[in-house]
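Q: Spelled out from the first residue to the last, the chains are:
Protein chains: 2
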Amino acid sequence: MRYFIYLSYDGTDYHGWQRQPNGISIQEVLEDTLTLVLRNKTEIVGAGRTDAGVHAKTMVAHFDTAEPIAVNLQARLNNLLPKDIAIQDIKLVRDDAHARFDAIKRQYQYFFTTKKSPFNYRFATRIPTNIDFGKMNEAAQLLLTHDDFASFCKVHTDVKTTLCKVTEAKFIQKSDTDWIFQIEADRFLRNMVRAIVGTLLEVGTGKLSISDFQQIIEAKNRCAARQSAPPQGLFLTQIEYPLEVFLSQE
Amino acid sequence: MRYFIYLSYDGTDYHGWQRQPNGISIQEVLEDTLTLVLRNKTEIVGAGRTDAGVHAKTMVAHFDTAEPIAVNLQARLNNLLPKDIAIQDIKLVRDDAHARFDAIKRQYQYFFTTKKSPFNYRFATRIPTNIDFGKMNEAAQLLLTHDDFASFCKVHTDVKTTLCKVTEAKFIQKSDTDWIFQIEADRFLRNMVRAIVGTLLEVGTGKLSISDFQQIIEAKNRCAARQSAPPQGLFLTQIEYPLEVFLSQE
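So the protein sequences, as listed, match chains A and B. Sequential numbering from 1 applies to the first sequence in the working numbering. Sequential numbering from 1001 applies to the second sequence in the working numbering.
Think of the hints as simulated: they come from the structure by calculation, not from any bench. It cannot be assumed that every hint is accurate.
Pair by pair, the computed Cβ-Cβ distance ranges are [unchecked claim]:
1) B/Gln1182 with A/Leu80: 28 to 38 Å
2) B/Val1071 with A/Glu43: 57 to 67 Å
3) A/Gln214 with B/Ala1070: 51 to 61 Å
4) B/Leu1247 with A/Thr177: 46 to 56 Å
5) A/Ala52 with B/Thr1065: 55 to 65 Å
6) A/Leu243 with B/Lys1115: 17 to 27 Å
7) A/His146 with B/Gly1023: 45 to 55 Å
8) A/Ala66 with B/Lys1154: 51 to 61 Å
Listing some non-contacts, in silico: residues in chain B with all C-beta distances to chain A over 12 Å [what the hints assert, rightly or not]:
9) Gly1011
10) Asp1084
11) Lys1165
Here are the simulated lysine to aspartate or glutamate pairs, EDC-like style, with alpha carbons at most 20 Å apart [said to hold, decoys possible]:
12) B/Lys1083 with A/Asp13
13) A/Lys83 with B/Asp1178
14) B/Lys1057 with A/Asp178
15) A/Lys115 with B/Asp1089
Beta carbons: idealized from backbone N, C-alpha and C, even for Gly.
Using the sequences provided together with the hints, build the complete structure.
A: Rendered as structure tokens:
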């Protein structure tokens, strides 16, 4: 049987999603815990990867079992997993469903605040009060009318294409001091959201004009974009699949 | 000149408010930072103390200066202070105003959740789903009709009286999975809120009846109460002063 596991995590203390030799990753902790509870070596395939320090409100991964899972699997995993990783749901899917290839839409949110707060410094990036969000929103709209995002892709990755269909990209004001940048696309390149946000912030501070931003997109060259925004404000928030991948658990 | 400084902090990594030899405290960090910025040895007197791991949305302390403070003092302090301490305001007060003795009301909130969340494990205590909040609210009302809280006071403190006037004590549901216990009084004894919450939770799980809870209050003996609730759900949220203590800064 194949299952989709939905989880959220605080990425602060991890070296990103992907298992790697140099540090602890979300994937490693989750695979080890599943292996322990299911008493069977279990591997998971994630819908994507998040960089070190990036969080997820919703990440999805698939794993296989020989037997149907116990009804209390989610509770048992949550008891064993560290405080900064929580399982939200586990859903039965078709045997050929794939957490990464079947995803049709992904959403990220990047949190900004102009106010120092001891309660969300892990979850928002502080910005000056004189940022021009109107101008940043104007620039962000250009992301909807372009489809090659090579300028915002980490170099030296093995990605075959840098084409993405961005369906939403906007800054939303949440309070006098708090803003969210929300972006949706069919897929994202590595480092893409942070590179876009870092470059948009230079539009907001007046260092770049809106037409500079357009030229950066059209350069299709990572050297064109500006410094990536820091990871701690970024959350993977949604991953959508076609309904057909899910099976009834009755 | 005397000032009231309003601050908030994540208490997780501190040994409480009060300066002490065995570990880093909020008071020590704030005094050292004020001393550095004001270029003058500065001591602060807090409105009370919070235990290790307890947070504050609002804590107040007073300090004295020879000269009026610079308008950018709050911003400079926030730049120098660690991420988990933030200054909210600094107000000029009468020379004889006292952060502790002049406070007329204090409010604490204790946060509970039935859901594992990677984003608030520092700020809420997880509880089972079968807690009876109705019964806990009934018991909490008994706190309003009693005035001696010796049963909920840490032993071996030098406190002269265990009398407090509790003006509010109730559980408030915030969502399907989240609750707050909110309590207001003219003063609180050491450990009082956590001892009350820990004992009320035993009413909520059925280990104690409401009349057991009443007997515990009336015993006026700390050995009567149950185990204190853990610190991480507790926030000092408000401290009120009479308007007369404040001076116009013009």
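Q: All the hints need checking, so say for each whether the structure fits it.
A: Hint check:
For B/Gln1182 and A/Leu80, the Cβ-Cβ distance of about 33 Å falls inside the hinted range of 28 to 38 Å, so the restraint holds. Checked against the given bound of 57 to 67 Å, the beta carbons of B/Val1071 and A/Glu43, roughly 59 Å apart, stay inside it. A/Gln214 and B/Ala1070 have their C-beta atoms about 43 Å apart, which leaves the hinted 51 to 61 Å range violated. At roughly 28 Å, the beta carbons of B/Leu1247 and A/Thr177 sit outside the given window of 46 to 56 Å.
Checked against the given bound of 55 to 65 Å, the beta carbons of A/Ala52 and B/Thr1065, roughly 43 Å apart, lie outside it. About 26 Å separates the C-beta atoms of A/Leu243 and B/Lys1115, a value consistent with the hinted range of 17 to 27 Å. A/His146 and B/Gly1023 have their C-beta atoms about 54 Å apart, which keeps the hinted 45 to 55 Å range intact. Checked against the hint of 51 to 61 Å, the C-beta distance between A/Ala66 and B/Lys1154 comes to roughly 55 Å, which is consistent with it.
A Cβ of chain A approaches the Cβ of B/Gly1011 within 12 Å, the least distance being about 9 Å, so the stated non-interface status is violated. For B/Asp1084, the requirement that its beta carbon stay farther than 12 Å from each beta carbon of chain A is not met, with the minimum near 5 Å. No beta-carbon of chain A is positioned within 12 Å of the beta-carbon of B/Lys1165; the least distance is around 30 Å. About 16 Å separates the Cα atoms of B/Lys1083 and A/Asp13, which keeps this hinted pair within 20 Å; it holds.
As the CA atoms of A/Lys83 and B/Asp1178 are separated by approximately 17 Å, the hinted pair is consistent with the 20 Å bound. With a C-alpha separation of about 17 Å, the suggested pairing of B/Lys1057 with A/Asp178 holds against the 20 Å cut-off. A threshold of 20 Å between alpha carbons decides the hint, and for A/Lys115 with B/Asp1089 the separation of about 12 Å falls inside it, so the pair holds.
Violated hints for the displayed structure, listed by number in ascending order: 3, 4, 5, 9 and 10.
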